[in-house]
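Peer 1: Now for the letters of each chain:
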Amino acid sequence: MASWLRAGLWATRAQLRQATVSAGTFAGVAIAPLSILIIGAFMLPGSPAGMARGVFGSTLVGMWSTVFLAASLDISRERTQETLPLIISAPVPTAVVLIGKILGNALVSFAAVAVVFTVAVLAGLFPLVVDAPLLVSGLVLFAVSSATVGLLVSVAYVVTRAATGLGNALEMGVWVLCGLLYPVSILPGPVEALARALPMTWSARVVYAAVQGAEDGERAGTPVALSLALAAATTLAAILLYRLAERRWRAAAEPHD
Amino acid sequence: MVAAIECQALTRSFRTRSRQGPREVLALAGLDLSVGPGTLFGVLGPNGAGKTTLVRILTTLLLPTSGHARVAGFDVVDHPNRVRASVGFTFGGDRGLYGRLTGRENLLYAGALHGVHGRDARRRAAELLDVVGLRESASRRVETYSRGMRQRLHLARALMHRPPLLLLDEPTTGLDPKAAREVRQLVKRIQSTGATILLTTHLMPEAEELCDALAVLARGRLLAAGRPSELKQRSSQPTVIEVEVETSPVGRDAVAAIRALDHVVAVEVLDEGQRQRVRVHSSGGSGPLLDVLRRLELHGLRTVNVREPTLEDAYLALVHG
Numbered sequence: 001m002a003s004w005l006r007a008g009l010w011a012t013r014a015q016l017r018q019a020t021v022s023a024g025t026f027a028g029v030a031i032a033p034l035s036i037l038i039i040g041a042f043m044l045p046g047s048p049a050g051m052a053r054g055v056f057g058s059t060l061v062g063m064w065s066t067v068f069l070a071a072s073l074d075i076s077r078e079r080t081q082e083t084l085p086l087i088i089s090a091p092v093p094t095a096v097v098l099i100g101k102i103l104g105n106a107l108v109s110f111a112a113v114a115v116v117f118t119v120a121v122l123a124g125l126f127p128l129v130v131d132a133p134l135l136v137s138g139l140v141l142f143a144v145s146s147a148t149v150g151l152l153v154s155v156a157y158v159v160t161r162a163a164t165g166l167g168n169a170l171e172m173g174v175w176v177l178c179g180l181l182y183p184v185s186i187l188p189g190p191v192e193a194l195a196r197a198l199p200m201t202w203s204a205r206v207v208y209a210a211v212q213g214a215e216d217g218e219r220a221g222t223p224v225a226l227s228l229a230l231a232a233a234t235t236l237a238a239i240l241l242y243r244l245a246e247r248r249w250r251a252a253a254e255p256h257d
Numbered sequence: 001m002v003a004a005i006e007c008q009a010l011t012r013s014f015r016t017r018s019r020q021g022p023r024e025v026l027a028l029a030g031l032d033l034s035v036g037p038g039t040l041f042g043v044l045g046p047n048g049a050g051k052t053t054l055v056r057i058l059t060t061l062l063l064p065t066s067g068h069a070r071v072a073g074f075d076v077v078d079h080p081n082r083v084r085a086s087v088g089f090t091f092g093g094d095r096g097l098y099g100r101l102t103g104r105e106n107l108l109y110a111g112a113l114h115g116v117h118g119r120d121a122r123r124r125a126a127e128l129l130d131v132v133g134l135r136e137s138a139s140r141r142v143e144t145y146s147r148g149m150r151q152r153l154h155l156a157r158a159l160m161h162r163p164p165l166l167l168l169d170e171p172t173t174g175l176d177p178k179a180a181r182e183v184r185q186l187v188k189r190i191q192s193t194g195a196t197i198l199l200t201t202h203l204m205p206e207a208e209e210l211c212d213a214l215a216v217l218a219r220g221r222l223l224a225a226g227r228p229s230e231l232k233q234r235s236s237q238p239t240v241i242e243v244e245v246e247t248s249p250v251g252r253d254a255v256a257a258i259r260a261l262d263h264v265v266a267v268e269v270l271d272e273g274q275r276q277r278v279r280v281h282s283s284g285g286s287g288p289l290l291d292v293l294r295r296l297e298l299h300g301l302r303t304v305n306v307r308e309p310t311l312e313d314a315y316l317a318l319v320h321g
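Read top to bottom, the protein sequences are chains W and Z.
My numbering applies: residue 1 is where the first sequence begins, and numbers increase by one.
My numbering applies: residue 1 is where the second sequence begins, and numbers increase by one.
Looking at chain Z on its own, in the form it has when it is part of the complex (with noise of 0.2 Å):
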């Protein structure tokens, strides 16, 4: 099957100018990447990863400065119509449309661009405009409406000649949070019609919550890839057990018993007023929870909370070691 994305030692460069005189930049450096059709794949990195100009490479925007790139198995140099034509994609923010043109227009237009005409478009953009819930609105002009609703009709507009691939970048970038959870619902809705999605993000909660597989990017480099839970699983952060107590403060007794139970990396405890709370860094998981609430019960337990490593500690700890 071919894949939906296929990058191979994929390189951009850029000359820029600074006082030192011209510096080459690069912002991608040999990247290789798989995204299987169907998939919903998330690009996370910090400022500067090559997020952007990834995308802007497989819109055909930009030309590689070395390496490839396929989408739906067509080269983005040799045949970028085709690409053009396998492609829908937004970039963040809420420009990229046209504020005097009316919501309906919009998607007529770009409709046009790609070869969606007549009565074939019309259909499609009441379909869409009915899809991102935008349908009371369609006659109005996009100057007027909101940030949110401005995001949904770039996905509406990126949808319309039927792309079998979509690129988001950043798309819930300045929305605020209701705005923001609409979107997901959208991009969630669009990937169980079978469309394969790229999403750049910085979000980790929205990476986990929407991505079947990730990758990780830092200095146009991929530092790891795969399914959200097997990059947490590579995480060296332990797990952390909490305990709250509140009867009689705990002992050196206590902690060094802790401290002595398999899996435990470290024992701190803080005190909070009247209570104490006892936090247990375990590299062995949950694994000695019940041992430690044994060496604690008699200090009254409160509150007993197990915080597994999270995406984002997953991603600190690859991104700044």
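The shape of chain W in the complex, shown without the other chains (with noise of 0.2 Å):
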């Protein structure tokens, strides 16, 4: 167990080299945040609520798409420079070396909350926090919840190389289910029950919770009780669905000479 978690940890630790080698992966990380906080600002000014979710939307949008970006076209990449085969073939799950390979994008995804905050700073649009113990917390369990749903995710791209074409729906889907921009209340009675089903949805609650502007004023126990439950319960599914892929993937690779 100690050699997985090692394992694990050389996993995170060579994304994070990866990721960090070029200036690129930090433009790719603020490009879409950014162009949604200017929106935010233009379409609601002067609104609080607006503004909270102006600046912790767009927050939450790139962090889940850097954490996205690890889980789908990270191992796409795996899979054309054949460095996959090497992952699948060792001793160590599957699953706890992508693990680790998500949880170093989730690190990475923090480089979104620098960027829109500074940014949000620096043009006065900083809404007001009212608990920032529980907004490091709500961000946090964010990118906790959202490497769950990544590891999840990522057994489709190992699996197929057509998980390709999910790309964009997969990452746009969570910017609309899970209420990083605005309250899943407003989402239709179906859509807001498979809402509630993913733990980022929670997570994003706790983060509004936090800041002026949270429209329902819960408490943040509930949300953070419930978002690390069904970040377990993914990791779990995850977890069960890579040994079933893995049996699949030997079953069926490609043929070669």
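One or more of the hints may lead you astray.
A few chain W residues that don't get close to chain Z, going by computed Cβ distances all over 10 Å [stated by the list, open to error]:
hint, residue
1, Leu-9
2, Pro-85
3, Ala-114
4, Val-119
5, Ala-156
6, Ala-162
7, Ala-163
8, Glu-171
9, Leu-177
10, Leu-187
11, Pro-188
12, Gly-189
Facing chain W, according to a computed beta carbon distance under 10 Å, are these residues of chain Z, among others [stated by the list, open to error]:
hint, residue
13, Arg-56
14, Thr-59
15, Leu-63
16, Thr-65
17, Val-77
18, Phe-89
19, Phe-91
20, Arg-100
21, Glu-105
22, Tyr-109
23, Leu-113
24, His-117
25, His-161
Think of the hints as simulated: they come from the structure by calculation, not from any bench.
Ideal Cβ placement from N, Cα and C applies to all residues, glycine included.
Join the two chains, each given in its own frame, into one complex according to the hints.
Peer 2: Structure representation (structure tokens):
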């Protein structure tokens, strides 16, 4: 078990090294959230609730997109650069390595937090934070929740090349579903039910509970607990799926000479 | 003693789609193979012979459709993790490395995936970087490495967890002659440490130079196996005795006299300007050589060359009949 943990940590380290080698990575992390922040600033001027959504919504969008990048594009890249077989044929379970890898990108995702917060403060758009420790906890919880959903999504990318076609739908689907930019209560009934099954929906609520403009003023305990429970359940589901996927991968891999 | 690799009736088929509908392709068709510990074993075969499929099954990346494959006594289906711990592998080409990590980081990462950590991993990586001649480049990102350097790093990475079996899939493909020679020398050095190596290749001189034993595959079947010298002996190709003469033309009588000698299968006379080349095909090796020279000495002997059947002759005869 200690050996698995160390392998997972090495995967995190390798991912961080690769992600931070190029300034382009940070540009990629910053573009989507900054665009949303600017749109928010023009469309919702003077509204504290609106600006809370603009600043924190764009932060959460940036964080999720960065994590999703590790779970999708980076795994597709592992496939094309032929390093995926090394992970799959190692004695350490594939899920452990990919958890490490995705957590690496979850750490990189805090670059989105830094970029958006800096721009928001400089532009005088930063909303009033009523509970700073809760905000930090909410952001960490969101990064962890994103990593667990990313791990679940990554199964598809490991199993089939065709998963690359799902890219935007999965990335932006979470923007829409998890209440990053607006409360999930405005979603139609069945869609809202699906949103409530995702850990990011609850960790986003923790973030909004920490700033002025939270629409329902609920206590943070419930969303924290639900977010953690759903993240644990998602991780478990991903690990079980990986066990099935490994068998499928080995049974159905493409022919070679 | 447990065989390093043992395959029994190993079969792997793939379902492919074409315009005519789904089709079953047999990549390995009931392969029986045994490789003893410490052997450098070559697998030869044309494209589509099943070489890479065999390597992928032995690395646990693929499941066999039927039959068994065991590595160091462990079945690849029942004990994949024991097999993974016993095998190091490289696939040909310059992919399969993390370009944005340094050479040393690639090795440490590979070590971590196989349970080699901390000081042991750092010591092992340093030792291997020395062995493969990459100590000076260890801190450079791999994307700056040449193809030959990458291939040497592949070998080092495959050895990080000290596996008793190394699977090398066309390790010199695409390398320039100098880099290919360095890799071959490295493979020999690795074998001298007692490792078992299974190497697939298209290159006959490489197989002849490196391998203790060979298997020839075609369309997923084992056509022949044995030492390189045994395979050459099995070749139906005759020995060729070539004599260059320069003073007077070789007439019909001389050709008839040579053709009458024991073991001579055929005689050809090739005109090359002022010289002639007499090519004698012998089924008895170089046995008729002296008699051939006696019958040609009046014509002014210039050069004599005896060419035994090569591994390539044997291979071509086996694969293409």
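Peer 1: Go through the numbered hints given earlier and state which of them the structure violates, listing their numbers in rising order.
Peer 2: As far as the earlier hints go, 1 and 2 are violated by this structure, in ascending order.
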